[in-house]
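There are 2 protein chains.
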Amino acid sequence: MGFVPDSINRLIEQFAKFPGIGRKTARRMAFHLLNASDETAVQLAQAILDMKTKIRFCDICGGITEEETCEICLDSKRNRNLICVVEEAADIYTFERTNSFHGLYHVLGGVLSPLDGIGPDDLNIDSLLPRINEESEIIVATNPSVEGETTALYLAKLLNSRGVIVTRLARGLPVGSDLEYTDNATLIRAIEGRTSL
Amino acid sequence: MGFVPDSINRLIEQFAKFPGIGRKTARRMAFHLLNASDETAVQLAQAILDMKTKIRFCDICGGITEEETCEICLDSKRNRNLICVVEEAADIYTFERTNSFHGLYHVLGGVLSPLDGIGPDDLNIDSLLPRINEESEIIVATNPSVEGETTALYLAKLLNSRGVIVTRLARGLPVGSDLEYTDNATLIRAIEGRTSL
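Protein chains in written order, with the numbering used here: chain A, 5 to 201; chain B, 5 to 201.
There's no promise every hint is true.
Identical chains blur together in the list; that is why a pair holds if it fits in one copy or across any two.
Taking lysine-lysine and the DSS-like style, the derived pairs with C-alpha atoms no more than 30 Å apart in a straight line are [said to hold, decoys possible]:
1. K28 <-> K81
2. K58 <-> K81
3. K58 <-> K21
In case anyone wonders, no lab produced these hints; they're calculated from the structure.
Put together the whole structure using the sequences plus the hints.
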């Protein structure tokens, strides 16, 4: 855009780097901030810097926290034998919102992806091993993508050999969906995983 | 969300204040920034503060600039008798993107809205008067909303009495829409087909 002052253009570029934020939205955000109070802008800038300074990875699960160990790992009411393995720290809060999982988490920090050169050593797998015992159940909650499935199979092989129960989230019809619009792969999984009524 | 560290929650709140950014997108942005490098975060924070520090209003048109007078007002190739009156500074760049308007701009900083207590004295109208002469044409390019039309009629009455030609963008614009989201072709038609008020 000609004639847009540099400092606004730079801000638009920065906003447009976020996933799901296109140039139009980025431009709108920049002009919104331009019309907002100085205080609003300072608060936003401060919140960004604060977050980067304060957040660290939990030394047990690899989740995010402002302390050494996260609140979930410190929570004595949690079932310590049930560990849900997720790809990213953000996935933890997707589970927490359901209020129906009361175990612990373990964040891999990614998935196996040979094409991108990401192998087992690049993931947070070693730190999972000291956390398991013969009574553990590990729920592998990687995404239902090719890489997610590959990672799940790898973990299952590794952990089964240590006598641990390894489970995977059920695949099937999303609640509230319509059979007519269900893709074949999902329907095949739903048939395979049918449950007794 | 329980267990999300405070500093992330605060950042999510800040992002969710932007128009068109819901809580899910805000959360996604915050976690994206968490995984980004420290440098990226600092750059974003700096871009926000820079923009607020450097941007000021052009002393002629009320548009935005980093100098006293904006590049458009300083551009000697522009037709100084043709002034496009817009609601917000951001509207200028919507026109500039069409590459088919070669006059100047004047930013009102809003529209007449008696219900919100916004009258002529609250708008940047006084500074428009010294800019006009008997050869001026003023294109009133307020949004095609009720307030925008009211403002256009007010300006037409004020300026016609001074012998100035006042025009309005053609009804190529879909009623109820927003200038910011108008496609270039429609906007070019609207400039070409402007009609006398």
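Report the numbers of all earlier hints that the structure fails to satisfy, in ascending order.
Violated: none.
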